[in-house]
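Novice: The residues making up each chain are set out below.
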Amino acid sequence: MARFSNSPHPIAAASAIVALFLAACGQQEQTPPPAAAPAAAPAAITVKLGHSAPLTGGIAHLGKDNESGVSLAVDEANSKGITIGGKPVKFELMSEDDEGNPNKGPLIAQKFADAKVAGVIGHLNSGVAIPASPVYNTAGIPVITGSATNPKLTEQGFAVTFRTVGRDDQQGPAIASYLLSETKPKLVAIIDDATAYGEGLANEVEKSLKAAGVKVLPREKGTDKTIDWKGVLTKIKGKAPDAVFYGGMDSGAGPLMKQARELGIKARFAFGDGACSDKMQELAGAAAEGLLCSQAGIPVQASSAAFLDAYRKKFNADPVIYAPFTYDAANMIIAAMKKADSTDPAVFLPALKALQYDGASGHIEFDEKGDRKDAEMTIFTMNAGKIEPVAVIKGGKTIPVAEFAAGAKPAEAPAAAPAPAAEAPKAEEKK
Amino acid sequence: MDIFLQQLINGLTLGSVYAVVALGYTMVYGIIQLINFAHGEVVMIGGMVALWTIGALAGSAGLPPTVVVLAGVASAVPVCMLLGWSIERAAYRPLRGAPRLAPLITAIGISIILQNVALMIFSRNPLPFPQILPNPVFEVAGATISLVQIIIIATCLLLMGGLTLLVYRTRLGMAMRATSENPAVAGLMGIPIDRVISTTFVIGAGLGAVAGVLNGLYYGIVHYTFGAMLGLKAFCAAVLGGIGNMAGAMLGGILLGVVEALGTGYIGEMTDLCHVGFLSTALAERCARDGHVVLFGSNYQDVFAFLVLIVVLVFRPSGLLGERVSDRA
Chain V
68 MARFSNSPHP IAAASAIVAL FLAACGQQEQ TPPPAAAPAA APAAITVKLG
118 HSAPLTGGIA HLGKDNESGV SLAVDEANSK GITIGGKPVK FELMSEDDEG
168 NPNKGPLIAQ KFADAKVAGV IGHLNSGVAI PASPVYNTAG IPVITGSATN
218 PKLTEQGFAV TFRTVGRDDQ QGPAIASYLL SETKPKLVAI IDDATAYGEG
268 LANEVEKSLK AAGVKVLPRE KGTDKTIDWK GVLTKIKGKA PDAVFYGGMD
318 SGAGPLMKQA RELGIKARFA FGDGACSDKM QELAGAAAEG LLCSQAGIPV
368 QASSAAFLDA YRKKFNADPV IYAPFTYDAA NMIIAAMKKA DSTDPAVFLP
418 ALKALQYDGA SGHIEFDEKG DRKDAEMTIF TMNAGKIEPV AVIKGGKTIP
468 VAEFAAGAKP AEAPAAAPAP AAEAPKAEEK K
Chain S
18 MDIFLQQLIN GLTLGSVYAV VALGYTMVYG IIQLINFAHG EVVMIGGMVA
68 LWTIGALAGS AGLPPTVVVL AGVASAVPVC MLLGWSIERA AYRPLRGAPR
118 LAPLITAIGI SIILQNVALM IFSRNPLPFP QILPNPVFEV AGATISLVQI
168 IIIATCLLLM GGLTLLVYRT RLGMAMRATS ENPAVAGLMG IPIDRVISTT
218 FVIGAGLGAV AGVLNGLYYG IVHYTFGAML GLKAFCAAVL GGIGNMAGAM
268 LGGILLGVVE ALGTGYIGEM TDLCHVGFLS TALAERCARD GHVVLFGSNY
318 QDVFAFLVLI VVLVFRPSGL LGERVSDRA
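If you read the protein sequences in the order shown, they are chains V and S.
First residue of the first sequence: 68, per the numbering used here; consecutive thereafter.
First residue of the second sequence: 18, per the numbering used here; consecutive thereafter.
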């Protein structure tokens with residue numbers, strides 16, 4: 068230490084400390100709570116469900132939304148008093164903050180495995196979900212994400228990995244095809260935030276656009292923390308593209324769009340689901356007007372009325388984006404447990420795989436990879452400060468939203484009609 | 018050329034904010050040889066306080082937007098000044114005689130505390146900063162500059178000028194320079210060095226508050242972590258110019274902003290392997306197919322600040338202006 072303080076250059080000492088501090092920061096971990104023996108008491112058993120998403124940092128509001136969806140499902144299941152294997156079951160939510168940090172994914176997965184959770188809903192980010200998935204696979208814990216859309220997640224051949232949301236390779240083509248039909252661009256600039264999600268989605272959009280013969284500029288990149296886009300945008304402005312696609316979250320997309328309009332870029336802006344909320348209007352102001360964005364699945368507003376009511380009642384707020392999907396994910400795990408009459412993941416996993424479920428986000432069935440079959444994609448536009456659904460893309464076809472709401476409603480009608488959300492899983496279980 | 022000019026304008030805006038924040042680092046370093054790592058957090062809190070005030074006033078009454086923004090500044094500056102004073106009083110003064118490492122660690126501690134307090138008070142969400150100033154955009158030779166950018170550059174120049182006058186033309190400035198020269202002798206000459214040091218912190222924090230507000234106005238978004246990166250870059254700017262040297266901080270800040278903007282704009286083209294596509298046939302094929310094989314993209318934006326810092330320190334360990342001007346403060 069003495070040598071340190073005599074260091075001829077204080078800056079060297081300072082940077083060493085900063086480095087130490089940063090290194091220490093990455094691995095803070097609380098001691099796991101003692102693993103409660105799930106089958107100890109014959110009277111009631113406690114079943115733990117894990118949830119993981121960034122609850123701090125730039126997209127914590129989305130993480131909180133995901134958590135709310137799960138906690139609503141857990142509360143409803145508890146208030147109903149479910150019995151499995153002849154014993155009343157109490158569900159307990161174990162929520163972890165993965166900070167959107169890929170390094171924390173496997174750590175949290177291991178923590179869940181040590182705590183013997185029966186199922187996990189998460190992670191929010193593809194970049195975290197992918198490195199975490201082998202750990203769940205080894206531990207045999209079913210994990211359903213309601214928001215990670217990177218295709219790679221379910222392409223690893225793990226039997227325990229599912230998602231209730233669409234994939235980027237469905238979402239990318241959807242937004243690209245809408246952009247093509249609507250704007251008819253000749254030259255498109257594509258920017259991403261260098262995360263697994265942003266880059267993956269941007270790649271899919273680029274592939275679809277190129278396939279349609281549109282010229283695409285060399286990819287520009289920021290990071291998930293970038294708010295100064297002027298350098299990138301100035302470069303793009305020189306090439307005068309007709310449209311710009313950004314793969315990333317709203318905290319980057321808002322400043323991007325605002326600065327683009329300041330620079331006088333008139334191109335049409337399109338985003339993926341990460342930047343598809345009313346928050347874009349607050350972040351970019353009037354500049355956000357006219358943006359296009361896609362969401363995997365159906366618009367939040369179009370999720371089942373029972374879910375929306377229950378969510379608003381409990382949290383006194385509207386769901387942001389993915390809450391219906393995490394809500395469905397949690398309910399599907401519970402439904403699979405009931406069907407298999409067991410809380411043992413090894414036993415209820417086959418039931419989960421085969422489950423046909425009508426939830427808050429419509430009808431859900433998994434294909435052999437664990438992806439949602441026939442996932443719908445919705446295209447939104449910003450109109451007078453609010454994002455409004457304009458079209459639903461299903462199986463490569465563009466359906467105007469009014470038509471979809473009129474025609475395709477049956478997919479969710481049975482979910483909402485026969486039973487209030489509190490009883491949803493029981494009533495919705497088909498087959 | 019208009020693209021180059023545009024990047025230059027972007028860089029100047031960025032750089033003048035860096036410069037004002039860097040002044041906070043360099044003044045404190047100049048006077049007590051301490052790197053005040055909590056300064057970035059002070060800047061962030063300045064932005065947040067202004068956000069509150071502006072948010073509260075913007076909705077009510079028929080106040081003109083300029084007045085609302087000025088009220089935001091007027092609320093942020095005293096809060097940050099008080100904060101700067103308290104930090105010095107609580108975390109640094111008790112360690113005045115201690116080895117250099119000790120106050121450095123408390124500085125980092127304070128920075129972590131402030132960030133977490135801000136998380137609790139201002140929430141973890143990225144908060145939209147009200148865009149109430151009319152923001153017309155002017156065209157200059159094919160490039161655009163917005164009113165907010167002009168305000169930022171002008172304010173920063175004014176602050177830098179004002180600070181220079183303060184340090185070189187007033188009694189307080191003379192006391193600051195004397196304290197920085199040799200605190201023991203200055204004390205013997207009747208200069209209340211504790212008060213001078215406190216004042217230095219207060220002035221630095223006030224500058225930081227203004228920088229925080231400007232940052233919010235420019236990007237339209239504030240987040241409890243934005244101070245950390247801004248602070249780190251400004252610290253680089255201060256070191257680049259020669260830490261402890263005021264002119265150095267200003268030069269370093271502006272230089273860093275310009276280098277960053279130009280780097281972001283041109284690195285892709287500079288590291289396009291297709292310029293040397295003739296070296297390998299495989300590469301030539303990819304170039305013919307894709308047109309570009311870019312080695313480093315614009316996501317390396319944040320790396321520039323640190324790259325420039327390393328290069329300068331290798332050749333001039335005391336920064337660009339570190340040696341030529343002997344008096345610090």
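These aren't lab readings, by the way, just hints derived from the structure by calculation.
Idealized CB from N, CA, C, for every residue including glycine.
Hints should not be assumed to be uniformly reliable.
[As the list claims (entries may be wrong)] Quick list of the computed label-pair ranges, beta carbon to beta carbon:
(1) Pro-201/V / Ser-297/S: 49 to 59 Å
(2) Gly-179/S / Gln-368/V: 32 to 42 Å
(3) Val-157/S / Lys-306/V: 50 to 60 Å
(4) Lys-292/V / Ala-119/S: 42 to 52 Å
(5) Glu-156/S / Lys-253/V: 20 to 30 Å
(6) Leu-150/S / Ala-226/V: 54 to 64 Å
(7) Leu-324/S / Gln-223/V: 30 to 40 Å
(8) Leu-324/S / Lys-147/V: 13 to 23 Å
(9) Ser-146/V / Phe-323/S: 46 to 56 Å
(10) Ser-297/S / Lys-253/V: 52 to 62 Å
(11) Lys-381/V / Leu-183/S: 52 to 62 Å
[As the list claims (entries may be wrong)] Facing chain V, according to a computed beta carbon distance under 10 Å, are these residues of chain S, among others:
(12) Phe-139
(13) Asp-289
(14) His-292
Novice: Each of the hints needs a verdict: does it hold here or not?
Specialist: Outcome of the hint check:
Between Pro-201/V and Ser-297/S the Cβ separation comes to about 36 Å, which falls outside the hinted range of 49 to 59 Å. Checking the proposed 32 to 42 Å range against Gly-179/S and Gln-368/V shows it is violated: the Cβ atoms sit about 52 Å from each other. The supplied range of 50 to 60 Å is broken by Val-157/S and Lys-306/V, whose beta-carbon atoms lie about 20 Å from each other. Between Lys-292/V and Ala-119/S the Cβ separation comes to about 31 Å, which falls outside the hinted range of 42 to 52 Å.
A hinted range of 20 to 30 Å holds for the C-beta pair Glu-156/S and Lys-253/V, which are about 25 Å apart. About 56 Å separates the C-beta atoms of Leu-150/S and Ala-226/V, a value consistent with the hinted range of 54 to 64 Å. Look at Leu-324/S against Gln-223/V: about 36 Å separates their beta carbons, and that is inside 30 to 40 Å. The hinted window of 13 to 23 Å between Leu-324/S and Lys-147/V is violated, with their beta carbons roughly 59 Å apart.
Separated by about 54 Å at the C-beta atoms, Ser-146/V and Phe-323/S satisfy the suggested range of 46 to 56 Å. Taken as a hint, the range 52 to 62 Å is violated for the pair Ser-297/S and Lys-253/V, whose Cβ atoms sit roughly 32 Å apart. Distance hint check: the CB atoms of Lys-381/V and Leu-183/S are about 56 Å apart, consistent with the given range 52 to 62 Å. Hint status for Phe-139/S relative to chain V: violated, with the closest Cβ pair at about 12 Å, above 10 Å.
For the restraint placing Asp-289/S at the interface with chain V, the shortest Cβ-Cβ distance is roughly 8 Å, inside the 10 Å limit, so the hint holds. Interface hint status for His-292/S: violated, as the beta-carbon distance to the closest one in chain V is roughly 13 Å, over 10 Å.
The earlier numbered hints that this structure contradicts are 1, 2, 3, 4, 8, 10, 12 and 14.
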